[in-house]
Amino acid sequence: MNKQELLEVYRQMVMIRRLEERAAELYQQGKIGGFLHLYIGQEAVSTGLVAARQPQDRMITAYRDHGVAINVGISAKEVIAELLGKATGVSKGKGGSMHMADTEKNFFGGHAIVGAHLPIASGMALGDKYKKKDTVTICMFGDGATNIGYFHEGVNLSKVWDLPVLWVCENNQYGMGTTVERASAVSEIRQKAEGYGIPNERVDGMDVLAVHEATEKALKHIRAGKGPYFLEIMTYRYRGHSMGDPERYRDADEIKQWQESDPIGVFHAYLIENKKATKKALDEIEAQVEAEVEEAVEFAENSPDPAPEELFRDIYVEEN
Amino acid sequence: MAEIMTMPKLGFDMAEGTLINWVKKEGEEVKKGDLLAEIETDKATVEVESLYDGTVRKLLVSAGSIVPVNEAIAVIGGADEEIDFDALDTGGAEEETAPTPAETTPTEMVVEKVVETPVAPTQTNGSLPAGVRVSPLARKMAKDNQIDLLRVTGSGPQGRIIKADIKKYIASPPTTTGSGPSLRMPSLAAADLGPIPADVHVPLTRLRQAIGRRMMGSKQEFPHFYVTSDLDMAPVMAMRKEYNGLLADSGEKLSVNDFIVKAAALALRQFPNLNASLAEKEVVQHGHVNIGVAVSVPNGLMTVVSQDADRKNIRQISIEVKEKAARARSGKVQPDDVEGSTFSISNLGMFDVDHFIAIINPPEAAILAVGSAAQMPVVVDGELTVGWRMKATVSVDHRVSDGAEAAQFMQALAGYIENPLSLVL
Amino acid sequence: MAAITVRQAISDAMREEMERDEDVFILGEEVGVWGGTFAVTRGFYDQFGPERVMDTPIAESAIIGAAIGAAMTGLRPIAELMTINFAFSAMDHIVNEAPKLHYMFGGQFKVPMVIRAPGGGGRQLGATHSQTPDAIFAHFPGLKVVAPGTPADHKGLLKAAIRSDDPVLFIEHATLYQWRGEVPDGDYVVPIGKSKVQRPGTDVTLVSYSRGLQLSMQAADELAKQGISAEVVDLRTLRPLDMDPIIESFKKTNRAVVVEEGWKSYGVGSEVVSRIYEEAFDYADAPVKRVAQKEVPLPYNQKLEQLAMPQVADVIQAVKEVL
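Chains as they are written, first to last, in our numbering: chain A, 17 to 336; chain B, 79 to 503; chain C, 101 to 423.
Calculated directly from the structure, the hints in this document are not laboratory data. Keep in mind that the hints are not guaranteed to be accurate.
To be verified - Listed below are the simulated EDC-like cross-link pairs for lysine to aspartate or glutamate, each with C-alpha atoms no more than 20 Å apart in a straight line:
| no. | chain 1 | residue 1 | chain 2 | residue 2 |
| --- | --- | --- | --- | --- |
| 1 | B | K218 | C | D382 |
| 2 | B | K109 | B | D131 |
| 3 | A | K149 | C | E151 |
What the hints assert, rightly or not - Chain B residues, not near chain C, derived (Cβ > 12 Å throughout):
| no. | residue |
| --- | --- |
| 4 | D222 |
| 5 | I239 |
| 6 | R318 |
| 7 | P376 |
| 8 | F434 |
| 9 | E483 |
| 10 | L503 |
Glycine is no exception: its CB is placed at the ideal position from the N, C-alpha and C atoms.
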């Protein structure tokens, strides 16, 4: 990555974090309804993945989807407006936190049923293979999703048909409040890929460059027509599973320990140390992100609710 | 402590009842309010509820027995309680095992529950309306064509009135209605309709028997005389229209008869001799003015009663009569609905009758027969004009009253009717 | 116009659409080399090759999920479930993914896919393989549920389903595959969401679909001999449900019997009867009756199974009860 690209990676990670911190406030003010799953701590994963993809590559993820939304280029305005359920939201206020997508940016959502999007990802890869496109589907999911049948059906199919799909397990140590060890027969998730004969790798998810590098390698393998690839990316979420998580399953020290290798902090240090950027430049980025988030909040709050007639719109493409 | 259930008195003039059916058996547990038995009077079939908690220890009369009011019918006590049945004061009545036809007593009225249609298994639940069954379509057609559903015979399942019945009714309404439709020429094909049907022998229902007994008694024993008046109905018709406009939202609708009930009740206050009964050697002038309104029911008629009608307003009377008449038609009449009338009104106005005379309903002293209110040419101040007129005839027991008093009563009635504001003040 | 079987009609529809549109392909268990367990895709593998007639693992979520994904990229997959009973293994994808994607993301995605699923009882397959759970799927807005009866409608509606930009569950009935009937020649397409009067009549309205339609048509023949004229309305599409021809018919006959093979409780008949009462209460001259499957899991024993399933005689009896 050149300097400009590195700064863009930094900007995205900062944007995800600031935007979500602000979202948590809005949630507490009662302005965001339903669930709100924060990505804070895991920013390097989606940022590294998206930075490594080609524009035509398809992103698809689970419900913890704000990170990918920012990475693929959805504006802070559209993301926050969606969180507030406004007509200007990226899904017109009808999806909410868990259901963000943008077809033009090849982001296919935001899927809220654990593991259910894995067979769908296989299908998207099948579509590209069918059309002989040079496109890879990058499918992200949590460690918890690897215990459900959909994972096995989807991953198996990808290998049987040698589909161009990159499986990315974000191992953040917990499926909700249950540790990997308590829920998965193998605590090294990549072994499951091994079982399906899919090449795989464990990656440090707190290091955006490591994620980027591993992704590039994996995508190269897939583009060579060798079938799917599997990354297990080790990461950690600082916040609860969703807002209101009592977090009885872990102690504060554990969080603090992980925060010592905070992906934004680590990358910040890397940029300074390797003279890729000045502190001033990074401060400017942070200030600019801060302003953009505030502007987005104002925009979202001033946006209208979806019109009542939206209720019956888009149930079918062909309305009867 | 053993308790005695007796034949309940279901009205001031009830003397005895037939125990039709025991709902509880000996040894069965019973709660206060549980259905214990069904009793038939000449007026109605009534459900008798237990007044006590306990076990039915002994049924003192068998189904089919006729039991005088207040005589013991059952003993309710503790399940294991020792009871000396002989020592209990059961009123000394011997069980009457062979039912005999009930004697008609002078205090009986010509009403009875009519059980016509087979009722659903829930029949023990007296609160379920059986009612007339009508399909939604038939209901709508009847409304659209202003057909009184009670005059339509249902041919659907369980007697439901269906489309075909309404169409048949529209094509040829029963001739007794007399309303409207033209004479229908008999079809020539009628000659080929097959052999003449054999005579049909229809057994008299209890109700018809009772009506027969009572009317024969009245006509034979009561020397009737009749006074007819022509009443100007224009003021009542105008007021009724106005009131019904006000009531349109509530769904209530006052009938002409409601006004007549009120007017008669007020007039009777002035003429206590016509609100009376003859007993032995005295005339009992009743304190209550309870107006009986004759209601036609399947296979006969019943008289529903508006108690103290002189003290009720017309709306109250209207609602009361309507509800009671509906219960009478559906065979769900309650004792209060039919008990205690002191004067009766029979109104055939809806059938376009000019006038008629009625037979006194014993033991009352008089009955008013009301014809149709109709528009007709009348002379007012020497001018021929269109007016509303209605003929009413009072039948009076000559043993109690005379022509002059009856005529004055009719004048008083006319006074109220022709000045209807007096009915509401 | 030629008389062909339902099986042939389905097969023709798919073949014609695959010849017409390269984006149409088939995936499912044993659809390829085997030729389809009901032989509906016999010859397809040879004609279109393994890329367009894809044998899948026995993994229903993979089949339906992959079809959804492929549809999201613009293809028009036809996913075959060997029987509709296996749909339960892919329930999330059928009811919770495919019908939601267009709406939930503000209209961004199209999911132009068809799920073909034969079902129904009467073949002694036992309780788990004999169900008619159509009503369950018709419950979900966003999914179109088509269940034709006649050979012509099988062809016309399947072609419409393949061309539809919405996910369509196309329910077939395994005992109807042999039903032979006239199918118009050429590119015959029947619009989704239109009920149809399959047989005119005046005395009673029989509302039905799929195998129930066959029962209703047979009952109508029998009733005609007895001087009773039954009008048979075929739902053809369960969602979106077109009540217009039913209401129109009911206003004429004032009586109706709804015939379905599924269980009565919470069934298609329940919906149709409710709508009749909601929209045409004043036209009812008798209670509307339902003829449906007895409320039991279907047993293996043939006599017991037939006892549980609705028969022509049941339809006739119900008609007599409402007349």
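A quick look at each hint next to the structure:
| no. | hint | result |
| --- | --- | --- |
| 1 | B:K218 to C:D382 | holds, 6 Å |
| 2 | B:K109 to B:D131 | holds, 4 Å |
| 3 | A:K149 to C:E151 | holds, 15 Å |
| 4 | D222 | violated, 10 Å |
| 5 | I239 | violated, 10 Å |
| 6 | R318 | holds, 29 Å |
| 7 | P376 | holds, 23 Å |
| 8 | F434 | holds, 38 Å |
| 9 | E483 | holds, 54 Å |
| 10 | L503 | holds, 43 Å |
In this structure, the hints that do not hold are numbers 4, 5, in rising order.
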